[in-house]
Every structure is written in C-alpha cells, then in structure tokens.
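Position chain B against the provided structure of chain A, taking the given hints into account.
Residues per chain are reported as follows:
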Amino acid sequence: MIDWILYYLGLALTLLGGIMDLIASIGFFRFKDFYMRLHAATIGAIGGGFYPLIGLALIALSLDLDIYIKAYISGVCVIAAALIALTAPAGSHILARATHRSGEVVPKVIVDRIKEDMEKGGNEK
Amino acid sequence: MRSKSFPVICLITTISIVLILAVLLNLSGLTTYGVNELTGLAKLFVLNIPDPTKPWSSHAFEIVTAILWDQRGFDTYFETSVLFLAIVASVALLSSYGRRHMPESTGDEYTTMIVKVITKLVVPIIAVVSASIAIHGHLTPGGGFQGGSVFVVAPVLILLAYGSRFLSSRGFNEVRLLAIRALSVTLIFVVGLVPVLYFLTHGTAYLFQNTYKPDSAFTYPYLIPTPIGMILTAGSIMIYNILEFFAVAAGFTLAILLLTREFERGGKK
Numbered sequence: 016m017i018d019w020i021l022y023y024l025g026l027a028l029t030l031l032g033g034i035m036d037l038i039a040s041i042g043f044f045r046f047k048d049f050y051m052r053l054h055a056a057t058i059g060a061i062g063g064g065f066y067p068l069i070g071l072a073l074i075a076l077s078l079d080l081d082i083y084i085k086a087y088i089s090g091v092c093v094i095a096a097a098l099i100a101l102t103a104p105a106g107s108h109i110l111a112r113a114t115h116r117s118g119e120v121v122p123k124v125i126v127d128r129i130k131e132d133m134e135k136g137g138n139e140k
Numbered sequence: 098m099r100s101k102s103f104p105v106i107c108l109i110t111t112i113s114i115v116l117i118l119a120v121l122l123n124l125s126g127l128t129t130y131g132v133n134e135l136t137g138l139a140k141l142f143v144l145n146i147p148d149p150t151k152p153w154s155s156h157a158f159e160i161v162t163a164i165l166w167d168q169r170g171f172d173t174y175f176e177t178s179v180l181f182l183a184i185v186a187s188v189a190l191l192s193s194y195g196r197r198h199m200p201e202s203t204g205d206e207y208t209t210m211i212v213k214v215i216t217k218l219v220v221p222i223i224a225v226v227s228a229s230i231a232i233h234g235h236l237t238p239g240g241g242f243q244g245g246s247v248f249v250v251a252p253v254l255i256l257l258a259y260g261s262r263f264l265s266s267r268g269f270n271e272v273r274l275l276a277i278r279a280l281s282v283t284l285i286f287v288v289g290l291v292p293v294l295y296f297l298t299h300g301t302a303y304l305f306q307n308t309y310k311p312d313s314a315f316t317y318p319y320l321i322p323t324p325i326g327m328i329l330t331a332g333s334i335m336i337y338n339i340l341e342f343f344a345v346a347a348g349f350t351l352a353i354l355l356l357t358r359e360f361e362r363g364g365k366k
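Residue numbers (the working numbering), protein chains in the order written: chain A, 16 to 140; chain B, 98 to 366.
Isolated chain A (complex conformation) (with noise of 0.2 Å):
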C-alpha cells in the first residue's frame, strides 16, 4: 500500500517537472527581457531539476529491492536535489544583481527602488 503511494507519488512529481520544463523552454523563447529570461530558467532549475530528482527518490524508495540499493538510489537523488535548490537560487540571484549594477541591462519596469537607493548615495546590501 505505502509502496503504491510512493509510487505514483514520485510519477506526479516526475510529471509536475516535466510540465515545468516545458513551460520553462516556452518562457525563454516568447519573453522579450534578459530579466524575464532569467526567471523562466529559474522555474528550468527549480521545477525542472528539484521536483524529479524528488520523485525519482520515492520511486526508488517503492521499488522492489534490497535496501541498501534503495537507500543508495534515494540518497543520492535528495543529496543533488538539495544541491540544486540551494545553489540556482544563488546563481540567479547574483546574476541578476550583477547585470543590474553593471549597467549592461536597462529593465523595463515602471519603479526601479534599488536604482532610486544607488542614486542617492546608498550601497544596497
């Protein structure tokens, strides 16, 4: 019983992330901006690299084998998923700082609150 929830527990996730990537290739063709670009390839890392490698945890975790394989399949798919969820955020992040400050890209935006704090003499942490 356990093992069929986990089972199909671990495809949802496979397909969420599958459905993620998707929509992630879609957003990094249609959109217009770099920064919009970069979010699209975040929901990529995020969606499409975090949720399987979950999913292929529990599947592994509902298979029919010894346990020591299992444990081994499970942990190494939750030791790379916490990996890439700590690290993309990161990466992300400090890319999209770094085109901001350097002036490369110009966002489109209606209010730009770090640009208004940089005018006025402030270094923004």
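Calculated directly from the structure, the hints in this document are not laboratory data. Keep in mind that a hint or two might mislead.
Straight-line distance between alpha carbons at most 35 Å, and here's what the computed DSBU-like set of lysine-lysine pairs gives [claimed, not checked]: (1) A:K135 to A:K123; (2) B:K151 to B:K140; (3) A:K135 to B:K101; (4) A:K130 to A:K47; (5) B:K140 to A:K85; (6) A:K123 to B:K101; (7) A:K85 to B:K217; (8) A:K47 to B:K101; (9) A:K135 to B:K213; (10) A:K47 to B:K213; (11) B:K101 to B:K310; (12) A:K123 to A:K47; (13) B:K310 to B:K140; (14) A:K135 to A:K47; (15) B:K217 to A:K130; (16) B:K213 to A:K123; (17) B:K213 to A:K130.
Showing chain B alone in chain A's frame:
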C-alpha cells in the same frame, strides 16, 4: 531571421527527434557498431590489468587510471611537469612582488549575504567530494588530476564571494602554494625513482614500476592487511593519485588567486 513560426519549427524538430530515437531504441537498441566486441588492444588491457592472477596485472579496478600511472607513468610525470612550468610562468607574469601594495578586497562590493551563506555551505561538500574522487582513483572513475580540478571550484567560489583577502589571511599565499606544488611533483618523481634504487642494489626493476613483473621481484604493497580487513591500494597508484591531487589543487588555486588579484586591481599598475 526570427519569424513567428521559429518556435513552432523548433518544437516540431525536437519532438520528431525524440520519436525517431524512441523507435530506434525499441527496434535495434542503437547498437549497430558492435560495441560488445573489443579490439585486440582493449582486450589486452581489460583482461590483464584488473586480474591479480595475470603476470602483467596492476591490481587496480579502474583501468584508465592504471594505464595513466603504471603502464605509461613516466609520460604522465612529464605531463604534470608541463603543467608545473605553466604555473611557474603565470607566477612570473602576475606575481605582486615589486609592485605597490594594493588593499585586498573583502568582496563586499560584489556580493551579498545570500551568496556568502550558500558558499559557506557548499565549499566543504566540494572539498570532501574532490578528496574522495582522488583517493578512490584506483577503484572508481576519477583520479588525482580529476579530484584536484574539482577541488579548485571551492577556492573559485570563495574568491568570488569573499574576495582575495579571505584566502590570503588564512595562509593561502603564493609562496606556500608554490611550495606544495613543487614538493608534490618532486615526491611523484621520488616514488618513481625507488625501483631504480632497488635495481642498483638488488636486481632487475624498471623506472616507475608499480607491482611485480615476470622478471622483476620489486613491488609496492598493493594489498595491506589492517584490523578491519584488507585494504587495496593498487601499489603506487594510490600514492601518485594523492600527490597529484595536492599538486593540481595547489597549482590551479595559485593561478586563480593571482588572476583574481589582477582583476581586483582593475588594470592599475
């Protein structure tokens, strides 16, 4: 160039490639090259190196690393020396001796708290993974050079997040890194020279020899008994891997430290 139909064409191409690959996998398994049959040279290596009953065995499961450090160890030593000379050249070009002292950066003007915290979490994981790649080099894919290259990611992250002062204030200066590098390369050659000393005093042995050969009794200990069981060290391959790990890690860290300082100086003399 970019029309409205471009994404549609891309999507159709991707889906058709996936479908064709799926059909091919189902029908033939994509193995039309006969990859299950080895060539003569590959058969020689695969059947001889991991098999401890054969006279030309290296007692190592990872055949690529065994070939690199046993069958062609002298060649690999000179590859390491070439890398050493490249590091020495970069030190000669970028060293800060004789220049006006510049204040080193703490990285505050480049990064934020988010990046610093994530770097603090990820750097120990990278160090442990790189050490395991190097130490298990004779059992699993990897080796000294690969482990050292993975290790260099950790100093790069620290230099980007904390600036060069963080490493300099913890003893990672040019002189020490270059000393580690030179000492490791020298020790690799000394380990390779030990069979020659055996040849001068006892009997036949070859330069960079690992385990016994049909006409030579010299061997490094490849199976060491310990209280918890036998440990397979594959002779000198494990020693070479660890030394090469230190050499590559120190050398690349030095090169990247110097380049980062030059970047922080901003092109000023």
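Against the structure, the hints:
{"no.": "1", "hint": "A:K135 to A:K123", "result": "21 Å, holds"}
{"no.": "2", "hint": "B:K151 to B:K140", "result": "14 Å, holds"}
{"no.": "3", "hint": "A:K135 to B:K101", "result": "43 Å, violated"}
{"no.": "4", "hint": "A:K130 to A:K47", "result": "21 Å, holds"}
{"no.": "5", "hint": "B:K140 to A:K85", "result": "34 Å, holds"}
{"no.": "6", "hint": "A:K123 to B:K101", "result": "23 Å, holds"}
{"no.": "7", "hint": "A:K85 to B:K217", "result": "30 Å, holds"}
{"no.": "8", "hint": "A:K47 to B:K101", "result": "14 Å, holds"}
{"no.": "9", "hint": "A:K135 to B:K213", "result": "26 Å, holds"}
{"no.": "10", "hint": "A:K47 to B:K213", "result": "31 Å, holds"}
{"no.": "11", "hint": "B:K101 to B:K310", "result": "69 Å, violated"}
{"no.": "12", "hint": "A:K123 to A:K47", "result": "10 Å, holds"}
{"no.": "13", "hint": "B:K310 to B:K140", "result": "20 Å, holds"}
{"no.": "14", "hint": "A:K135 to A:K47", "result": "30 Å, holds"}
{"no.": "15", "hint": "B:K217 to A:K130", "result": "29 Å, holds"}
{"no.": "16", "hint": "B:K213 to A:K123", "result": "29 Å, holds"}
{"no.": "17", "hint": "B:K213 to A:K130", "result": "23 Å, holds"}
Of the hints listed earlier, those the structure fails to meet are numbers 3 and 11, in rising order.
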